[in-house]
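Q: So the sequence lines, in the order shown, correspond to chains A and B.
The numbering used here applies: residue 109 is where the first sequence begins, and numbers increase by one.
The numbering used here applies: residue 109 is where the second sequence begins, and numbers increase by one.
Check the hints yourself; a few may be wrong.
When chains are identical, the list treats them as one kind, so a pair holds in a single copy or across two.
With a Cα cut of at most 16 Å, we get these calculated EDC-like pairs of lysine to aspartate or glutamate [to be verified]:
no. : residue 1 : residue 2
1   : Lys312    : Glu343
2   : Lys244    : Asp327
3   : Lys128    : Glu143
Read the hints as simulated data drawn from the structure, not as lab findings.
Fair warning: this is a prediction, and the values are worked out from it, not measured in the lab.
2 protein chains.
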Amino acid sequence: MSNSDPKESVVIGVDVGGTKIATALVDLRGNILRETRHPTDVSNPQATLDGIAQAIDHIISSSGFARADIVGIGLGIPGLVDPVNGIGIASVNLNWRNVPVKAELERRLSFPCAIENDVKAAALGEARYGAGRGMKNLIYMTIGTGIAAAFVLDNEIYSGSKGMAGEVGHAIIERDGPLCKCGGHGCLEALAAGPAIAARAGDKLHSGRRSILSQLPIDSLTAEDVFHAAAQQDELALEAVKEAGYYLAFAIQFLALAYDPQVVVLGGGVPQAGEVFLHPVCQSLERFAAENWVFGELYHPDFVQVTKLGTDIGVLGAAALAAPTH
Amino acid sequence: MSNSDPKESVVIGVDVGGTKIATALVDLRGNILRETRHPTDVSNPQATLDGIAQAIDHIISSSGFARADIVGIGLGIPGLVDPVNGIGIASVNLNWRNVPVKAELERRLSFPCAIENDVKAAALGEARYGAGRGMKNLIYMTIGTGIAAAFVLDNEIYSGSKGMAGEVGHAIIERDGPLCKCGGHGCLEALAAGPAIAARAGDKLHSGRRSILSQLPIDSLTAEDVFHAAAQQDELALEAVKEAGYYLAFAIQFLALAYDPQVVVLGGGVPQAGEVFLHPVCQSLERFAAENWVFGELYHPDFVQVTKLGTDIGVLGAAALAAPTH
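Can you build the whole structure from these sequences, using the hints too?
A: Dropping the structure here:
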């Protein structure tokens, strides 16, 4: 086997999370050949790096691939990352500040390693292996506890000046809106992320309205509960989902007019709800497009999609960082 | 004289407007050595192109520069432009549809010609010669009768998939806001462009409030009138300017969090009002930055600037298209 035959070359993608390290052996067409999960040791950066290196060594040795078949290793890391110098600048979940990830792993593994913020890596994964395959401009948004976007522009990840491009979870969307954990009011995250969807339903329940959700303790409601009720046509839940969907659509139309992408792909926990989540978002977007001809020029029925890569987006995005482009 | 000595090389920048063609001979440091203006003949595309070619011939022959000193010609064109194929796709002001501008001018002039949308060219002009000199990520916004943005990202003009990146004048900013000429409601343009500033003041006058502006016919009020009154501390005018400034700030914070630029430069007719225009915009931005720590990470006192290139931004942006990058 030789590196020069792309059919027999593979890359390794590592999704470094605060609780687990997901590692996958991926071929150059984006097929996952093998995947492992290990708990993350966040006691100190050296221990975390040791754990990552062990996970990689383990997947290689158990795979039957020769070291020469491995083209490279890509790592998606939460928080602020300097991909050029290979530094993990700040990551709350990993308890990292200015960790020379690339140098430390290359020393341990003797493979070229590429690192990137995990959301930015996911955007590249979508562009290479997902809904944006063959497209050069794509927006990826992850919607879960928080909201962030990442951009592949002219086939490359766009990072911005300080690596902060895509922090649209903290863009103010509604004047005097609900308080966000960043200190601002009316940020997108405070209006449409998972906890905001649950809070919307909770507020409606507090006003005494009837709902399937009345059976559940209001204070521990989750977005999943709300989607579940909405899927059963519960009116209160449908309303909460529709309101959050409007704000997401609002952010999407703004980003679309700013970036003129071919597709907007939604990932993270919230979009996993599927159609019950996506439908109200698209309804609002269709209304905008019908009314406003400029946005209408950009919008089409497949413009916004939920990622089909599911939870594999993490390792596939990381793998895309290391995969050669042809 | 030879092209290999950059001190003696020049480029020609042409700002093609619906009423006039501004042509400038520009050195590679962005100094305008000579500038001419000719009326635009919009009777048909061939006549317009003939006029452009004559303006270029004229400035060269009257300048004393040899043809060999001219590195290239850049043209900023209103409307939708395909810079790769050199086509003016659609321009209402010029009455153009799918005009092969580059090929036609290169045939007439025997110089390499580069064309781009005028707002995108202006963004490049700011990045090369203006407030963004030495910066790799910059947002340029033009605010006049309409509003549009353009982006230099990683040192290059970013166009988007359909050349529509930056059409943020038609991003919806306020739910159920005023009707925009695109058919939408609450677009940025309908809230904060020149006519919207005049309309805000007009609405307040209609309600019978006192103002310096009461002396003027309400229906022909301009943004300039409003800024003039605001500069004299007229309360009604100050309010109108502050409201428009809030919406501009709203759009700027969203774009800043999406793009993470080093600077946002404002050009076009409205910002020419200077401090009376800029101050309320920055006040709103400072409030956002103080409240929201994520935006606070990006914002600094020089983050938003009015272009210092004035009306020269048109020819300088066009010249930047043709200037070699070092």
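Q: Each hint: holds or not?
A: Hint check:
{"no.": "1", "hint": "Lys312 to Glu343", "verdict": "within (11 Å within a copy, 41 Å between copies)"}
{"no.": "2", "hint": "Lys244 to Asp327", "verdict": "neither (43 Å within a copy, 47 Å between copies)"}
{"no.": "3", "hint": "Lys128 to Glu143", "verdict": "within (13 Å within a copy, 64 Å between copies)"}
Comparing the model with each earlier hint shows a violation of hint 2 alone; every other hint is respected.
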